[in-house]
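J.: Keeping the supplied structure of chain B fixed, place chain Y upon it in accordance with the hints.
Same order as they appear, the protein sequences are chains B and Y.
Note that my numbering numbers the first sequence so that position 199 is 199, with each residue one more than the last.
Note that my numbering numbers the second sequence so that position 203 is 203, with each residue one more than the last.
If you're looking for bench data, these hints aren't it; they were derived computationally from the structure.
Any given hint might turn out to be false.
Identical chains share a label here; the pair holds if one copy fits it or two copies do between them.
Computed list of lysine-lysine pairs in DSSO-like fashion (alpha-carbon distance at most 30 Å, straight line) [to be verified]: (1) K210 <-> K114; (2) K47 <-> K278; (3) K210 <-> K278; (4) K47 <-> K114; (5) K210 <-> K254; (6) K278 <-> K97; (7) K114 <-> K278; (8) K97 <-> K210; (9) K176 <-> K213; (10) K278 <-> K213; (11) K176 <-> K210; (12) K97 <-> K213; (13) K210 <-> K46; (14) K97 <-> K254; (15) K278 <-> K254; (16) K213 <-> K114; (17) K97 <-> K47.
Listed below, chain by chain, are the residues.
Protein chains: 2
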Amino acid sequence: MPKENRGAKESADGSAPLRELLRVPVGERIDLAAYDAAATPGAPGKKAAGAAATARLAPDLAALQERLYAASTAGDRRRLLLVLQGMDTSGKGGTVKHVIGHFNPSGCRIRAFKAPTPQEKAHPFLWRVTQALPRPGEIGIFDRSHYEDVLIARVRSLVPGPELEDRYAEIAAFEKALTEDGVTLVKVFLHLSYEEQRDRLLERLDDPEKHWKFNAGDIEERALWPAYQEAYEIALERCSTEAAPWYLVPADRKWYRNWAISTLLGEHLAELDPRYPKGDFDVAECRRRLLSQ
Amino acid sequence: MPKENRGAKESADGSAPLRELLRVPVGERIDLAAYDAAATPGAPGKKAAGAAATARLAPDLAALQERLYAASTAGDRRRLLLVLQGMDTSGKGGTVKHVIGHFNPSGCRIRAFKAPTPQEKAHPFLWRVTQALPRPGEIGIFDRSHYEDVLIARVRSLVPGPELEDRYAEIAAFEKALTEDGVTLVKVFLHLSYEEQRDRLLERLDDPEKHWKFNAGDIEERALWPAYQEAYEIALERCSTEAAPWYLVPADRKWYRNWAISTLLGEHLAELDPRYPKGDFDVAECRRRLLSQ
Numbered sequence: 001m002p003k004e005n006r007g008a009k010e011s012a013d014g015s016a017p018l019r020e021l022l023r024v025p026v027g028e029r030i031d032l033a034a035y036d037a038a039a040t041p042g043a044p045g046k047k048a049a050g051a052a053a054t055a056r057l058a059p060d061l062a063a064l065q066e067r068l069y070a071a072s073t074a075g076d077r078r079r080l081l082l083v084l085q086g087m088d089t090s091g092k093g094g095t096v097k098h099v100i101g102h103f104n105p106s107g108c109r110i111r112a113f114k115a116p117t118p119q120e121k122a123h124p125f126l127w128r129v130t131q132a133l134p135r136p137g138e139i140g141i142f143d144r145s146h147y148e149d150v151l152i153a154r155v156r157s158l159v160p161g162p163e164l165e166d167r168y169a170e171i172a173a174f175e176k177a178l179t180e181d182g183v184t185l186v187k188v189f190l191h192l193s194y195e196e197q198r199d200r201l202l203e204r205l206d207d208p209e210k211h212w213k214f215n216a217g218d219i220e221e222r223a224l225w226p227a228y229q230e231a232y233e234i235a236l237e238r239c240s241t242e243a244a245p246w247y248l249v250p251a252d253r254k255w256y257r258n259w260a261i262s263t264l265l266g267e268h269l270a271e272l273d274p275r276y277p278k279g280d281f282d283v284a285e286c287r288r289r290l291l292s293q
Numbered sequence: 001m002p003k004e005n006r007g008a009k010e011s012a013d014g015s016a017p018l019r020e021l022l023r024v025p026v027g028e029r030i031d032l033a034a035y036d037a038a039a040t041p042g043a044p045g046k047k048a049a050g051a052a053a054t055a056r057l058a059p060d061l062a063a064l065q066e067r068l069y070a071a072s073t074a075g076d077r078r079r080l081l082l083v084l085q086g087m088d089t090s091g092k093g094g095t096v097k098h099v100i101g102h103f104n105p106s107g108c109r110i111r112a113f114k115a116p117t118p119q120e121k122a123h124p125f126l127w128r129v130t131q132a133l134p135r136p137g138e139i140g141i142f143d144r145s146h147y148e149d150v151l152i153a154r155v156r157s158l159v160p161g162p163e164l165e166d167r168y169a170e171i172a173a174f175e176k177a178l179t180e181d182g183v184t185l186v187k188v189f190l191h192l193s194y195e196e197q198r199d200r201l202l203e204r205l206d207d208p209e210k211h212w213k214f215n216a217g218d219i220e221e222r223a224l225w226p227a228y229q230e231a232y233e234i235a236l237e238r239c240s241t242e243a244a245p246w247y248l249v250p251a252d253r254k255w256y257r258n259w260a261i262s263t264l265l266g267e268h269l270a271e272l273d274p275r276y277p278k279g280d281f282d283v284a285e286c287r288r289r290l291l292s293q
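Here chain B stands alone, though its shape is the one from the complex (with noise of 0.2 Å):
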């Protein structure tokens, strides 16, 4: 794979919110390959440093978090859906445990998507996503989504392709729809370069306690290789819209995805600014017949 170390959209100063430097750009196609996944754009230092940098952005999302909650207890409809993409190992699972895992969990909706069912299967493919969206005041997270809808099913040829066409602008509507009606779209992709894919399958295969991770049909996955870069980057041309952009994440560094992601939750629940509703009952009153009780 041709690599250039430039990292995506790296800005001179720094001073520009993550978001800005990870977003892809809007009706774009952008060359993978052109990015390197080993990147830390926009990092706070390297590896120890920006461990420290997330465990101290902690405390600030799970109290931004909290008060998203309580706003949607006085109905406040918004809330916000992290899409995680990504090729096996790319760092899906790790994400919701090391970055999730600083939210209240009671606040959490998470769903991971396999291969449809066959209930899901006889519905549209769009479907299965919407039972699984956040309520209200609640953070979403999609460990894959119904991007698998134009990834293998593009790659391993499932659908015709006139319905996969469509399938692009349906996908642009339905977010759309989503965000008009609250909910906050991040939509991650795990930029993973193939070398490190093969490292971290390897080391799934040389350790025991990692083998319930790994089957044989991950290694066949990995020879569409290029297949599924075309794919993702033909979905990210067409569905990173002004109303749900797609955020490109070098995944090859660990500390770096947490960190980054991390961010991007930060960045977007700030600009959300959600407050604690005033309650609508009568302080003193309570006070009153509370201490009478």
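T.: Using the frame of chain B, we list chain Y on its own:
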């Protein structure tokens, strides 16, 4: 409320597992007023030592959860269900935040039960609970549960007497069936004192950032305290079974609650002793194929 500082059957040498100390005896009516809600049976010291011990438990809990999940990928159907019950402010939500926060969120299935919806009301009372059960390998958490159907339902006479009386046996039979299907039930009653509830409600009133957790109905429920205590005593008596005992956790001290529930979960998971499954593939062959790609 009368109170004796005897804790819940504190063991003399402190060597018994916590589950032995806190288990509600099968078939006996207990007098909640005799249990000190500020007691700390089995605790490794006071607040600082208890909090430190809880933090030390976290990696083991996470490791056991991973093994439980890994085992499910090879067909092990076992899973754990933590049922949390207790009066308002007794710490059900705090337990989810502070104890369940130790686990990988992707393996947790959390459900908070509120007043039943019209759809839920159209079904038998156990229906909504069956929709929220943990899948094999998961840790389920019920914040309130089917026990509300013999607690508020009794206190507020929401169902005819004979129907209510039948529910206890239905619950016991339902839970027995769950255990036979591989579910380890950990039913925790958070035992709070009347005085501590007042203080916690006042705290919510006095902090505008906590107003969203308060509603005036909380004061009306509190007025029914003795009826609720009696309803809990009856539920503990009739539904603490060999298959699925209740645990009484004194809940006035938050650090103790967190330590005790972490410890109870750890004891149950350790007893399950889930194992990483063996891979069903030829490691050498997979290595060779990977390295030749």
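J.: Hint by hint, note whether the structure agrees.
T.: Each hint, compared with the structure:
{"no.": "1", "hint": "K210 <-> K114", "result": "within (19 Å within a copy, 39 Å between copies)"}
{"no.": "2", "hint": "K47 <-> K278", "result": "neither (42 Å within a copy, 33 Å between copies)"}
{"no.": "3", "hint": "K210 <-> K278", "result": "between (49 Å within a copy, 9 Å between copies)"}
{"no.": "4", "hint": "K47 <-> K114", "result": "neither (32 Å within a copy, 44 Å between copies)"}
{"no.": "5", "hint": "K210 <-> K254", "result": "within (17 Å within a copy, 36 Å between copies)"}
{"no.": "6", "hint": "K278 <-> K97", "result": "between (34 Å within a copy, 23 Å between copies)"}
{"no.": "7", "hint": "K114 <-> K278", "result": "between (42 Å within a copy, 22 Å between copies)"}
{"no.": "8", "hint": "K97 <-> K210", "result": "both (16 Å within a copy, 28 Å between copies)"}
{"no.": "9", "hint": "K176 <-> K213", "result": "neither (35 Å within a copy, 32 Å between copies)"}
{"no.": "10", "hint": "K278 <-> K213", "result": "between (47 Å within a copy, 11 Å between copies)"}
{"no.": "11", "hint": "K176 <-> K210", "result": "neither (39 Å within a copy, 34 Å between copies)"}
{"no.": "12", "hint": "K97 <-> K213", "result": "both (15 Å within a copy, 28 Å between copies)"}
{"no.": "13", "hint": "K210 <-> K46", "result": "within (27 Å within a copy, 39 Å between copies)"}
{"no.": "14", "hint": "K97 <-> K254", "result": "both (12 Å within a copy, 25 Å between copies)"}
{"no.": "15", "hint": "K278 <-> K254", "result": "between (41 Å within a copy, 27 Å between copies)"}
{"no.": "16", "hint": "K213 <-> K114", "result": "within (14 Å within a copy, 37 Å between copies)"}
{"no.": "17", "hint": "K97 <-> K47", "result": "both (18 Å within a copy, 28 Å between copies)"}
Going through the hint list in order, the structure does not satisfy hints 2, 4, 9 and 11.
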